[in-house]
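Chemist: Protein sequences appear in the order of chains A and B.
For the first sequence, the residue numbers in the numbering used here are 1 to 614.
For the second sequence, the residue numbers in the numbering used here are 1001 to 1445.
Read the hints as simulated data drawn from the structure, not as lab findings.
Glycine is no exception: its CB is placed at the ideal position from the N, C-alpha and C atoms.
Warning: the hint list may mix true and false statements.
[Stated by the list, open to error] Label-pair ranges, simulated between beta-carbon atoms:
#1 T1052/B x E469/A: 49 to 59 Å
#2 S1189/B x E503/A: 14 to 24 Å
#3 L1364/B x D554/A: 48 to 58 Å
#4 A1403/B x R543/A: 13 to 23 Å
#5 R323/A x E1199/B: 45 to 55 Å
#6 Q1399/B x A133/A: 34 to 44 Å
#7 E1431/B x C484/A: 37 to 47 Å
#8 R340/A x S1189/B: 54 to 64 Å
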Amino acid sequence: MADPSYDVLVIGGGHAGAEAAWAAARLGARTALVTFDRAAVGRMSCNPAVGGLGKGQMVREVDALGGLMGLVTDETGIQFRMLNRGKGPAVWAPRAQADSRLYSAALLRRLEACPNLDILVAGVESLLSEPAARDGARRRITGVVLGDGHRVAAPAVVVATGTFLRGLMHTGTDRTPGGRIGEAAAGGLSDALRALGLTLGRLKTGTPPRVARATVDFTRLVEQPGDADPPPFSFLTERITQPQVSCWLTSTTAEIHDLIRANLDRAPLYTGQIASTGPRYCPSIETKVLRFPDKDRHLVFLEPEGRDSDRIYLNGVSTSLPRDVQAQMVARIPGLEHARIVQWGYAVEYDFVPPEQTHVTLMCKSVAGLFLAGQINGTSGYEEAAGQGLVAGVNAARWLAGRSPLILGRDQAYIGVLIDDLATRGVTEPYRMFTSRAEHRMHLRYDNADERLTPLGRELGLVDAARWERYCAKAARVRELLACFDRLRHEGRPLRERLRRPEEDDAGLLKDYPELAPFHAERDVWARALVVVKYEGYIEKQRRSIERFREFEDRLIPEHLAYDRVPHLRHEARERWSAVRPRSIGQAARVSGINPSDVTTLLVYLAAQEPQGV
Amino acid sequence: MNLPALNDTIVAVSTAWQAAPVGVIRLSGPDSFALAAGLGAGPPPGVAGAWTAARVHLDPEHTVPAVACWFRGPRSYTGDDVVELQVPGSPPLLRALLDKLVAAGARWALPGEFTARALRRGKLDARQVEGVLALLEADQAATLRQAARALCTRAADDRNAVRERLLDLLARVEAGIDFVDEEDVRFISDDDLRTGLDEVLAALTAPTAPGPRGVALPHVTLVGRPNAGKSTLFNALIGADRALVSPINGTTRDVLTAEFDCEGVRCRLQDCAGLGRSADELERAARRAAERAAAQADVVLWVHPADEAWTQEEAATAAAIAGRRGVLVLSKCDRIASRQTDRPELSSAFTACVVVSALTGAGLAELRRALAAALRAGSEMPGIGVDEDARRAACAAVQRARAADAPEIVALELREAVNVLATAAAAPVDEEVLGQIFARFCIGK
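The whole structure should be built from the sequences, with the hints applied where relevant.
Modeler: Written out as C-alpha cells, the structure is:
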C-alpha cells in the first residue's frame, strides 16, 4: 500500500499548529495535523489567558485574516478586560481568561469540521528529505516518519512543536523529560532538524503551581472582576454573552522571600542545573526575589482555569523550586494557607531553531518546504504562536501552488513586526510582543486590525463571504459616521473638533446629538471613528513616515546576491548580510551592525546591476 | 539605525564650503521647487532647465541676489525636481540660507546622497559605479572620522547624556503602557515626567548643547614631539594667546581647541599638549596622540623643529599618517643660520612641506595657504549641519512631548527625539527601552 500523502503536514496541535493547519486547509491544500493527543489540541500549557498589550492586537490580526484564536476566545472566555482604558484608544488592548478545557474542545471542534483537514494522532520521529536545488535550499522536504514507523508523504511540512523538542522539566532536583506536564518529549525531531543542517539552541520557560479552588480562602483576597459588556476579540462576534467570573489578587510576603533565599541552593535556576536563558519579562519568583531584594512583596493573581474548573493558576509565582519549598511558599501566601497544590510549578528547557535560519516567509533558508512556527522559533505566548502559525500555513499552501509568499510588513501588523524581528535579529530570550516593539504603534491598533488585514485575507482566500460582507458594511458605516462629524456643528465649528477635546465623553455627546445614537450602538463603528478623529494628526504623521520608508521595504534584494562581490562594502556588512540574507533593503537596514553608508553602497550597487531607466 | 529617506527633499552646499565669488545651494526632492520659491527665488518658469534671476530673502529686511536654475525631474541630475541656487559664496550667508531651507522642511543631505539618488534612478552610467562606490567609501571614512572625533568631544558627551536621560524617561512611559496590569509599580509620575522633560529641554538649548556647529567643522590637529613649537604655532595661527593658559608642557592632558578661519575655510584647530616626560613614555604618547589624531583629524599638521633629527619611530609614524592630508611643518627655522633648510626625505609623503618660524612670522602665510588647500581637498564636509539638525528636531519633539498629556503621544514624541540623537551604531530603540525597563522594574507575572 502506498504511503498516505498530503500537501501540507503540520506537526503539533498547539496554537501555532492549529492556525497553520486551518489556514493551509482553507486555501485548498490537503492538510494533516499530527498531534500526540487529540485532547491536547489547543491546550493552554501556561496561564489560561489570551491577549494583553501587543498580544491582544495580534489576536485581532489573526481574526481579521480569518484565523481561529479570536473566535475561540470569544466563545470560551470567562473574564474579559480591555487593558489601558485609562489611556488613549491607540494603546487599548483586550485580554481574556479562557476556560482552558472549553477552549481546547472548541478549537478541536472547528478543526475537525474543517474541510481538507485530517487530524492524525501520532508522534513524528523523523523528517524525510531529498537533495534539491530549489529556492536556494540544499534539501527539500518530502514527508515525515511517524512514531510507529509509518511514512507520510508531504512536500510541505510545518513544524510547530512548542516546548516539546527535547523538552526537559525541572522541579527542584527532579528532572523529567517532557514538553508539558504529563506529556512526553519529542526527541527524534531535534536530531532530524540537526541532520538537515539546522543549528539548534536551547531556551527555558516556567510555570507556577496550581491550587484547588475549594481550598482557597477567598475572603482574604482582593476580587478583580472583568469588564461589564466587554468588547469581543473577533470582528464576527457581536457580544460576549456567557457569564463572567472574577480573578483574585494576593501577594507574597517578606517571610516567603526569606524562605526562597534560604533554599536557593536547591533552585535549579541558581545551582547550574538550568543553563539556558529564560524570559526577562516573565521571571520566576526566585529570580524576582534575588534581583529585587528591596521589594517585600510581589503580586500573585489567582486565575481560574475554567468556570467549573477546580484548578486555579497562581500567576506571578512561576518557579522550579523543590516541591517542599513550593508547598511552604504557597501555604504562606495570604488566602492560600490551606490551599492544596494540584500541579507543581516547573521550569522547562527545550530546543529551538535560532530564527535567523528562517526567511520572513517562515520557510527554512536551507530546507525547501520546511516551515517553522511558534516556540520553535524562539517565541513565547499563544498569540505569537498563532500569528506565526497562520503565516506559515498560508505560505506552505502558497509555496506549493507556486504563488508569492505572504509577508506582513512592520507597518501592517504586529505579526509582521514579530516575524521581521525574528528573522532579522534573532532572539536571546523567548520573544514576547510588546507594543513598544512597533515603530508604527499609532497605526497598529486593535480597532483597525480588520481595515489593515481583512482585504488582504480576502485576497488570499482566507476570508469567507460572510466576514467580507460584514467588513464592508462596517467600513461604510465608519465613513458615514466620519461624514456626520464633519457635517454636524458645535458652536459653529465642525463637531470633529469638539471630539478632539480629551474631556469629551460619549454621554454628553449623545445628549447634544441624539442622531448619533444608532452609530453609538454599533460599538466597533463608534470606536473606530472616534480614534480616527482623536489621533488624526498623529495617524497622518505616522502614515507619512510609513510612506517615506516604503521604498526601502519594496526594494527587494536578489535572494542569492553574493555580498562578497559588492565592491567597497565593509567587511562586517558583508558578513552580517551573508548570514541573514535580507529580503528587502528595509530588512537589510535593520540587521545589527549595519550603518547607513552600507545601505547606500548596496543600493547603488543594485541600481547599477539593473537595466538603466527611470 | 536612522536610514535617510529616499523620497524627501535634501539640501546641501554643492560648492566648497569657503569664501568664493559664487556658492551653489542644491535642493533635490519633491518639495525643492516650493522651498526655493518660498525663499523668494520663484516662481519656477514653465520651461524645464530654465533659470531665473531673483533676490532671495535672508530675513524680512535683507535680500541677496541669486540665480535659480530649475530642473524638473526626471530630467535632472538626481532624477528628482532639483533647484540650484547660485548666491554669493560667503560661508555665513550659505549657512543662513541652508538653515532657512531646513527650517522650512528640507533635510541636510548626507555625504554622497545626491549622487546615490542619481545612481539609483539610473541617471548615471553603470561604468561610473565603481567610481561612485569608491567615493562613498571615502565619504564613509570621513563620516567615521567624524564619528570617532564626535566620541571624544564634550558635545558628544552631552548629546549622549541627553539621549540617555530621554531613554530613561521613554522607558518609564513605555513601561506604563506595556505593563499596565502587572506589578504594582508606578513607573513615573506626571510631575517627574514634566521635570525630566524640562531638564532635557534645558540641556538641549544650553550654550553647550549637543551638536553645536563646531562638531561638524573640519578638524586640523597639530602633532609632534613636545617643544616642537606646536603651541606657539597654535597661537600664531589663531592669532591669540589661547595656548598660554597652559604654558608649562606636561601639566595638562587637555586638548586645546579653537575655531579659526584659514583663508576662508573655517576649521577647528587642535593642539595636543602634555605628552609625557621620560623619553620612552614620550615616544609612546606621541605615537598614540598621532594615531588618534590621524583617526580623527581631517588635516594633520606634523610639527618638527627644523634643526632636530628624527627618531626612527617618529619617522615611521609620520610616514604612516602623512597620506591622510598631512602637512609637514618644519618649525623654529629662525634657529637655523641658513634659510636653506634640509627637507627630510619623508616630506614627499606629505601633501605639503612648509618651513616656518612662529617667532618671526616667516612662512606662516605659506602655511595658511597650504592648510587651506588641504582643507579644500577634502571640502564636501561630511555631515555638516546634521548634528544641528538633530538637536533641533530633538528639541521640537521634546517640546511636543511636554505639551502632550496622553502617554502614547508622549512616547511617540520621545521616541522620535531618542532616534534623532542616536548615532549610527546605536542599538534598536525598542531593545534599549526594554533593556532599561527590565533592568529597573520587577515585571512579569
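Chemist: Now look at each hint and say whether the structure bears it out.
Modeler: Hint-by-hint comparison with the structure:
1. T1052/B x E469/A: 49 to 59 Å: With Cβ atoms ~57 Å apart, the hint holds.
2. S1189/B x E503/A: 14 to 24 Å: 21 Å, holds
3. L1364/B x D554/A: 48 to 58 Å: 57 Å, holds
4. A1403/B x R543/A: 13 to 23 Å: For R543/A against A1403/B, whose Cβ atoms are near 22 Å apart, the range 13 to 23 Å holds.
5. R323/A x E1199/B: 45 to 55 Å: Distance hint for R323/A, E1199/B holds at roughly 51 Å.
6. Q1399/B x A133/A: 34 to 44 Å: 58 Å, violated
7. E1431/B x C484/A: 37 to 47 Å: 44 Å, holds
8. R340/A x S1189/B: 54 to 64 Å: At 42 Å between Cβs, range violated.
Checked against the numbered hints above, the structure breaks hints 6, 8 and satisfies the rest.
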